[in-house]
Amino acid sequence: MRRPMLARPGRPEDLNRPGYLYEPKLDGTRAMCYKDSRLIFVNRRERDITERYPELDFIMDIKAGRCVLDGEIVVFDNKGNPDFRLLQKREQSSPSARKLLSARHPATYVAFDVLMRDGLELVSAPLIERRRQLQSMITEGKALRTIVSSTDGVKLWELAKRRGIEGVMAKRIDSVYEEGRRSPSWIKVKTTRTLDCIIVGYTSELRPLSSLALGLADAGSIIFVGKVGTGFTDAFMESLKERLDAIRVAEAPVVNPTDQLVTWTHPEMVCEVEYLEVTPQLHLRAPSFKRLRDDKLPEDCTIDQIRDGG
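In terms of the working numbering, the sequence shown has 492 at position 204, counting the first letter as 1, and numbering is strictly consecutive.
FYI, nobody ran anything at the bench for these hints, they're computed from the structure.
Just so we're clear, the structure is a prediction, and the values are computed from it rather than from any experiment.
One or more of the hints may lead you astray.
Computed list of lysine-lysine pairs in DSS-like fashion (alpha-carbon distance at most 25 Å, straight line) [said to hold, decoys possible]: (1) Lys-387 with Lys-476; (2) Lys-387 with Lys-351; (3) Lys-476 with Lys-351; (4) Lys-323 with Lys-443; (5) Lys-443 with Lys-387.
Quick list of simulated restraints, FRET-style, between CB atoms [said to hold, decoys possible]: (6) Leu-570 with Ala-391: 27 to 35 Å; (7) Leu-408 with Leu-549: 52 to 60 Å; (8) Asp-592 with Arg-536: 27 to 35 Å; (9) Thr-338 with Ala-523: 45 to 53 Å; (10) Pro-342 with Leu-570: 39 to 47 Å; (11) Ile-328 with Leu-549: 39 to 47 Å; (12) Gln-423 with Gly-353: 15 to 23 Å.
Yeah, the Cβ is synthetic: ideal placement off N, Cα and C, and Gly gets one too.
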């Protein structure tokens, strides 16, 4: 399986760089698309998620016998914006409910890169050439699109903020595809301050699940960065506690367990939180839970997200 190239966090001033292409940062599930005799979709955890998206049957719309595409599976809302909650609702539903949701809120695969085409390896080709190859091999439709791009990052940033889109990606036009690496050649600039955090436990002060304990990876260890207790529904918290109870551990998985009221869990689940700022002690101030990220790996939730700008 191929491992996706990852981006470094950036700031709005990074959207003025010459020699870059700028794309909207789509709020969905990152997935490699493998085409051979059929289509297979694999997420960042290297899990085959093909059966979740029966409507992504666009094998005839790719002009290649075999290829590997990189892209994002998204569900668009009625305004044409990616809506991760609609996507996640599908992913957490039973097969029968998922079928109904796929008819009501169909998914779209938005391709933004190609790693191989009919046996020709393209990872060493510059982005501008890979993009040309991608455009020449895709017939766009409801289930398959290619990413839009611009050379004006500032203008795209303003549009993203107005429409409530997650952010903007900046990619150097001469960059190669660095499989499995978080590269400075790709920069992600978010419209809000969010972090992908490792769930390391929970507390039960007022309810069976009052808050989630959060951690970030740092040089082979996990640093405790605080707790989040807002942004949940009661039904969600109940189902989440069942999952967390199944992975409880006796010892803290973090190197600085400052809260003794935490029930610790194995650090395998990831969530995204929005926050106001980070204290000098590297604790999140006013965090709010946004969603689980079953498509992301704990080792990707690094302290560099804070150090590089969140």
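Now for the hints, and whether the structure bears them out:
Note on Lys-387 and Lys-476: the hinted pairing is violated, with a Cα-Cα distance of about 33 Å set against a maximum of 25 Å. Proximity of Lys-387 to Lys-351 is assessed by CA-CA distance (about 28 Å); at most 25 Å being required, the pair is judged violated. Under the criterion of a C-alpha separation no larger than 25 Å, the hint pairing Lys-476 with Lys-351 is inconsistent with the structure, at around 30 Å. Straight-line distance between C-alpha atoms of Lys-323 and Lys-443 comes to about 35 Å, which puts the hinted pair past the 25 Å bound.
For a cut-off of 25 Å, the pair hint linking Lys-443 to Lys-387 is broken: about 38 Å separates their Cα positions. Judged by the Cβ atoms, the range 27 to 35 Å given for Leu-570 and Ala-391 is violated: they are separated by roughly 45 Å. Distance hint check for Leu-408 and Leu-549: the Cβ-Cβ separation is about 57 Å, which falls inside the suggested range of 52 to 60 Å. The supplied range of 27 to 35 Å is met by Asp-592 and Arg-536, whose beta-carbon atoms lie about 29 Å from each other.
As the Cβ distance of Thr-338 to Ala-523 is approximately 28 Å, the hint placing it in 45 to 53 Å is violated. Distance hint for Pro-342 and Leu-570: a CB-CB separation of about 44 Å, consistent with the stated range 39 to 47 Å. Checking the proposed 39 to 47 Å range against Ile-328 and Leu-549 shows it holds: the Cβ atoms sit about 44 Å from each other. Gln-423 and Gly-353 have their C-beta atoms about 18 Å apart, which keeps the hinted 15 to 23 Å range intact.
In terms of the numbered hints stated before, the structure departs from hints 1, 2, 3, 4, 5, 6 and 9, listed from lowest to highest.
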